[in-house]
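K.L.:
Sequence:
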Amino acid sequence: MITTELADKIWDILVEDCGAIETEREGFIHAAKTTKNLEYRFCGKLGFGGKIYLETPPRISCYSEDRTKERDEIIQKTNKKLSELYETTQTENSF
Numbered sequence: 030m031i032t033t034e035l036a037d038k039i040w041d042i043l044v045e046d047c048g049a050i051e052t053e054r055e056g057f058i059h060a061a062k063t064t065k066n067l068e069y070r071f072c073g074k075l076g077f078g079g080k081i082y083l084e085t086p087p088r089i090s091c092y093s094e095d096r097t098k099e100r101d102e103i104i105q106k107t108n109k110k111l112s113e114l115y116e117t118t119q120t121e122n123s124f
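First residue of the sequence shown: 30, per this note's numbering; consecutive thereafter.
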């Protein structure tokens with residue numbers, strides 16, 4: 030479970046890098062604030078299997094059968110951003 034502010038920042042990354050749908054932001058924020066170790070499907074550029082896992086640190090992935098070079102690059106770039114956000118929030122005790 031995380032703060033609204035942090036969930037909002039995570040969704041910003043998912044929209045920008047992964048094509049997550051803006052109208053799903055509110056549902057994600059609610060789920061992130063109320064569910065420990067959340068696994069949330071956001072689809073976007075990663076297809077139907079695109080998910081974020083609110084672990085330590087948070088990460089994204091997609092179904093192995095949907096993996097392509099382009100999707101692997103998106104996953105790598107986004108996971109780096111999520112890891113950096115996690116490191117930043119650790120010093121602020123927000124995650």
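Misleading hints may appear alongside valid ones.
Stated by the list, open to error - Distance condition first, Cα-Cα at most 30 Å in a straight line; then the derived DSS-like pairs of lysine-lysine:
#1 Lys106 x Lys62
#2 Lys80 x Lys38
#3 Lys62 x Lys110
Calculated from the structure, these hints are not laboratory results.
K.L.:
Now tell me, hint by hint, if it's right for this structure.
P.N.:
Consistency of the hints with the structure:
1. Lys106 x Lys62: holds (25 Å)
2. Lys80 x Lys38: Holds - the C-alpha atoms of Lys38 and Lys80 are around 16 Å apart, at most 30 Å.
3. Lys62 x Lys110: Holds, because 20 Å separates the two Cα atoms, which is no more than 30 Å.
Against the hints set out earlier in the document, no violation occurs for any number.
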